[in-house]
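J.: Sequence:
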Amino acid sequence: MTDLIVPASAETVLATLIREQMPAHLDVWVGTETPSPRTNPGHTLKVRVSRTPGGGMASHGQTDHVFALLECWADTEDEADDLAAVVRAIMKSSRSRTVLGCFIRWWKETSGPYRWPDESNQERYQFTGELLLKIG
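Here the numbering used here is used: position 124 in the sequence shown is 212, and no number is missing along the way.
All clues stand as given, with none of them false.
With a Cα cut of at most 20 Å, we get these calculated SDA-like pairs of lysine to any residue:
#, residue 1, residue 2
1, Lys180, Thr151
2, Lys222, Ile192
3, Lys196, Glu218
4, Lys222, Ala146
5, Lys180, Thr216
6, Lys196, Lys222
7, Lys222, Glu99
8, Lys222, Ile93
9, Lys222, Arg139
10, Lys196, Gln109
Here are the in silico distance ranges between beta carbons for each label pair:
#, residue 1, residue 2, range
11, His148, Gly189, 16 to 24 Å
12, Leu92, Ser208, 35 to 43 Å
13, Thr90, Trp117, 36 to 44 Å
14, His148, Thr122, 29 to 37 Å
15, His113, Trp204, 23 to 31 Å
16, Thr120, Gly144, 12 to 20 Å
17, Thr100, Glu165, 23 to 31 Å
18, Trp194, Ile93, 16 to 24 Å
19, Ser199, Ile93, 25 to 33 Å
20, Leu188, Trp117, 14 to 22 Å
21, His131, Ser181, 21 to 29 Å
22, His113, Thr90, 43 to 51 Å
Treat the hints as calculated values from the structure; they're not laboratory data. All values reported here derive from a predicted model rather than from experimental measurement. Where is the CB? At the ideal position from N, CA and C, for every residue including glycine.
Can you build the whole structure from these sequences, using the hints too?
T.: See below:
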């Protein structure tokens, strides 16, 4: 019987990476679900990571190609833009890090941050990228 090589949850790896690398002076909620309520006094800065359609396991089975959406909420447009800049810097420096036992091979930003109005009326900036995670 062949041993299964099961990939780690890309969303969990991303959320953990951002939480661990976030500067200590910033009080930021980071998760994989839409924060509800998005406007609350506990955390005005929020980041949600989502895996988007596309990518998948390479045919050799050792790499998970992940397309990701990173959303950043804050009370003001400037704060949301600044938070997106911090998350971008974290992602840019993620290559060759190990998170939850998963090695990050590569990160490439595919769209820079842009304002994306939110139904909560809280300011949101978001950006996308590609992540390669080692499997096994």
